[in-house]
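Trainee: Sequence:
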Amino acid sequence: MADRLATRLEQTIRTPNIKWSILGRERPLHGKHSSLDEGSASLWKPDKRCDMTPETSREAARAIADARRNQTLLAKLPTELTPETLEDGYAIQRDFMEIWPERLIGWKVGATAEKVQEIYGLSEPFFGPLYDGTVFHSPAAAKAERFGHLCIESEFAFRFGRDLPVRDEPYRLAEILDAIDVVIPVMELISPRFETLLTDAAPLAVADCGINGGLVLGTLETAWRDINIPAHPVRFSVDGQLREEGTGARVLGDPFNVLEWTVKALARHGLSLSAGQLISTGTCTGFHYVDRGQLAVADFGSLGEVSVLFAS
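For what it's worth, this note's numbering labels the leading residue of the sequence shown as 111, then goes sequentially.
Everything labelled a hint here was simulated from the structure, so no lab data went into it.
Don't take each hint at face value.
To be verified - Beta-carbon label-pair distances, calculated as ranges: (1) Glu-165 with Gly-411: 47 to 53 Å; (2) Thr-163 with Arg-282: 34 to 40 Å; (3) Gly-243 with Arg-282: 29 to 35 Å; (4) Thr-189 with Asn-338: 45 to 51 Å; (5) Ala-359 with Asp-176: 22 to 28 Å.
Since the structure is predicted, the reported quantities are computational estimates derived from the model, not experimental observations.
Yeah, the Cβ is synthetic: ideal placement off N, Cα and C, and Gly gets one too.
Starting from the given sequences, assemble the full structure and let the hints guide the process.
Mentor: If you want it as structure tokens, here you go:
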């Protein structure tokens, strides 16, 4: 079975090319920004019911790991490896984490806006791992060739100053906030290892590290308790042109709500948080494409700016 699946994977893998598609529509790779609510038939429905087994979960994880390691894009996974449920997606994600060599630095959270949850067909957000090999410090210059897609979100991230081990009793929000030592303005680089952005395939997005491609860190702020984060403004621009404005309230009404959801969701999966790890709480300024050579800036006001230039 493994040989047959390997052959099918060789047939579906692609190197990054000049076109990709979102929700079934072709666009230039690294092309202009567009809203997430464009609709068409899903490209990601398996041909038949997928019954995920430990073997197929590990095989899917290896396929995603190979694509990330080799900086290639997958057209899709074979039917046998395609997750149909979030449970399947998280199983593949766990298997990926067991074989990925980089150090885990925390978690990203996706679908923290009701509109995005509707697009994914979800009733709650999802999470994915963040690794030290894809962390940049602002002002950042990142090689565009490292990414299959050049897409950016502006987010508030929170770093934990002490461990939150899994326990029987759920953590209260006050306990979670007490464990945080800094807030960090960040840009999340969205870049799945598939030819589409997986906005119609939540289980596969979960399997592919929550479609995270990297994180750009701004300045650490220790006096975050003095800031009204839900009302704090964020402005996202590209080459000096404003793309979108937002506030912390864009994510479940308050980034603290995202923190509480994430800590509890991780615990349900048997995952603890360690001191030094962070949670990035979702986009405050929507989702935007940029081109090679463009300078993207997220202005977090008193928290400073975060910038990245995708170099050729």
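Trainee: So does Thr-189 sit 45 to 51 Å from Asn-338, Cβ to Cβ?
Mentor: Since the Cβ atoms of Thr-189 and Asn-338 sit about 49 Å apart, the hinted range of 45 to 51 Å holds.
Trainee: Measuring from beta carbon to beta carbon, are Thr-163 and Arg-282 in 34 to 40 Å?
Mentor: 38 Å, holds
Trainee: Using the beta carbons of Glu-165 and Gly-411, state whether their distance is inside 47 to 53 Å or not.
Mentor: Holds - the Cβ-Cβ distance for Glu-165 and Gly-411, about 50 Å, lies within 47 to 53 Å.
Trainee: May I ask you to test the hint 22 to 28 Å on the CB atoms belonging to Ala-359 and Asp-176?
Mentor: Since Ala-359 and Asp-176 have Cβ atoms about 40 Å apart, the given range 22 to 28 Å is violated.
Trainee: Note whether the CB distance of Gly-243 and Arg-282 lies within 29 to 35 Å or breaks it.
Mentor: The hint (29 to 35 Å, Cβ to Cβ) holds, given that Gly-243 and Arg-282 are roughly 34 Å apart.
Checked against the numbered hints listed earlier, the structure breaks hint 5 alone; every other hint is satisfied.
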